[in-house]
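Visitor: Chain by chain, the residues run as shown.
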Amino acid sequence: MLKVFVPADTTACALGADAVASAVAEHARARGLDLRVVRNGSRGIFWLEPLLEIEADGNRHAFGPVYPGDVAGLFEAGFPGLSEHPLYLGKVAEIEWLARQDRLTFGRAGWIDPLSLDDYRRSGGYEGLLKALEKSPADIVAAVVDSGLRGRGGAAFPAGIKWRTVLNTPADQKYVTANADEGDSGTFADRLLMESDPFQLLEGMTICALAVGATQGYIYLRSEYPKALRVLGRAIATAEAAGLLGADILGSGRDFHLQIRVGAGAYICGEETAMLESLEGKRGLVRFKPPLPAIKGLFAKPTVVNNVLTLAAVTTVLAKGPEYYRDFGTGRSRGTLAVQLAGNIRRGGLVEVPFGVSLRELVEDFGGGSASGRPLYAIQVGGPLGAYLPESLWDTPLDYEAFAAVGAMLGHGGIVVFDASVDMLEQARFAMEFCAVESCGKCTPCRIGSVRGVELIDKIGKNENRLANLELLEDLCATMEVGSLCAMGGLTPLPVRSAVRHFPMDFARNAAE
Amino acid sequence: MRYSNGIPTTVVSGAVQKYAAIPGGLMPLLHEIQAGLGFIPKESVAEIARGMGLSRAEVHGVISFYHDFRYQPAGRRTIQLCRAEACQAVGSRSLEAHVKNRLGIDYGDTTPDGRFSLEPVYCLGNCACGPSMRIGDEVFARVGPERFDSLLDDMQHA
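Taken in order, these protein sequences are the chains called A and B. This note's numbering puts the first residue of the first sequence at 1, with every later residue one more than the last. This note's numbering puts the first residue of the second sequence at 514, with every later residue one more than the last.
FYI, nobody ran anything at the bench for these hints, they're computed from the structure. From the three backbone atoms N, C-alpha and C, an ideal C-beta is built for every residue, glycine too. Mixed in with the good hints, there may be bad ones.
Only part of the chain A face toward chain B is listed, based on derived beta-carbon distances under 7 Å [said to hold, decoys possible]:
1. H27
2. A30
3. Y267
Quick list of in silico lysine-lysine cross-link-like pairs, BS3-like style, CA-CA up to 27 Å [stated by the list, open to error]:
4. A:K3 with A:K282
5. A:K282 with B:K531
6. A:K3 with A:K135
7. A:K442 with B:K531
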């Protein structure tokens, strides 16, 4: 029987993949073809979604983008036979945009049926867990430390060190939590992984639980991701039925129970301590640190809080060894980064590459420039708390330290591209407005500072005491940066200051002086 | 049993029973009530507080903190427009103006006929193919003003 793959991922479906899938099934029925539609995940090649694939002569061949209205024409042109149809893209493995990536974490995405445990295991899944079961907790932690893996949520803290702290803190109960509150604009890598390869997250969390001695885990998932919720829920049930989660994992005598908790639209709950509060059923108020969550986290117990991609990467570290992972990357940024090309970009999607690649290579070679065809103008890296970078800084390599050195941050790897139609004063204003809307309200610089920031930027736009207000804005940014409890208030100055510094003309449009 | 406005109390009492013993159960409890009723009745706060061993202020604090929870029913369909940067880069600010104008309402409002509520959302994870919009559990990609109008027409005739 012939298999036709149509992604069920959020972006593919937002572009009509469900209708494509049913149209393919209908046409096949009408023609009496023995064909099965498999709903795979996405490869993250969103500029070609919906990407329809068929299996032929041992290869996967792609057509795309295939919109619902294209399906009839495809069949008329001989589909599912390969044809000279203009939408035919050739073998998937030879699509340059994909072939040039180093997919350590996203290697399976799009290839497999996300809910098929067999597919997952056949493609190397659960090898990491099997190796972990043979190791002592300290050896698992040592492997993660040796890999150089740093937290992918944005703060880039060494994952192994965090795990070691939890391992070495005695307690009657410990927790592993996955931060799946992927709220940064321009990011979708966590979502893509959870929708396209959910067992990888489950396996990573299970390895973590073995390493630190936790028996209970939570995935804190944002409510904006209903598809990921359904996929994860079914994956957990499948893993439990297969003895890979729950009591006595694979007969090891070790237990790890996993639940999903859904957020409720608060950006701040992506901050680790606010996430813990929310998991406890409270308002998402940021906590003072110390104590670190690794020592006193969820319900005051030692808790690992890691981003989805950090936990997923651990499966590769364990399966292939820390050296393998560490050999990718540059400087102190080891492994690969799941870059997300977003905004006004011609070829947007997920690009997993080793650290060290430059921003320009990403937006020009992979991204192909702007979607609008106008010249690129500003790039915001690292979400709403990330800096806006002008062209003079696009040769900065992807590297945590290199970005910090130019007053920017990599964050969760979101890259949002703007063409010259953007008004950077409006973007700076939005950064403050977003902070005002999403601040948890616990500390004054963030809660009040952001409101004052919006007012100041409005005055600057209207040329009211422009120079004095620009100076005041800089003062305010300094206060927020050093006086805020967490990164929300502390980093909002990053997009604001970078906009003022690199795009001063947008702050002087009505200026007389 | 019903609250004074005719809403049955069984959804609330069922949820309280289900989550009372679960650590951190207030969030899933509130989600369940809202999924069942479309909103969280203000009159239920006392019962939730009693059942969960919390003060009414704590329960109200949680409901009012999170954007998703609401004390009032929404329109038949809630339209969420993404306001975040990746969508701004591809024209969401003008889409936003168009949608508000077309529906005649602002964020947080419901059309007088009760058909549509409009809410902002900060990222739907569809950032390579914006502007993005969510209605129910469905996300729509590359939504320009024209696409919005045709989707709206479809919904109005549905």
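Visitor: Each hint should be assessed against the structure and marked as holding or not.
Guide: Going through the hints against the structure:
1. H27: Interface hint status for H27 of chain A: violated (23 Å vs cutoff 7 Å).
2. A30: violated (25 Å)
3. Y267: At 6 Å from the nearest chain B Cβ, Y267 of chain A passes the 7 Å test, so the hint holds.
4. A:K3 with A:K282: violated (47 Å)
5. A:K282 with B:K531: The given pair, whose Cα atoms are some 18 Å apart, holds under the 27 Å limit.
6. A:K3 with A:K135: violated (40 Å)
7. A:K442 with B:K531: violated (31 Å)
Hint compliance for this structure: hints 1, 2, 4, 6 and 7 are not met, and every other hint is.
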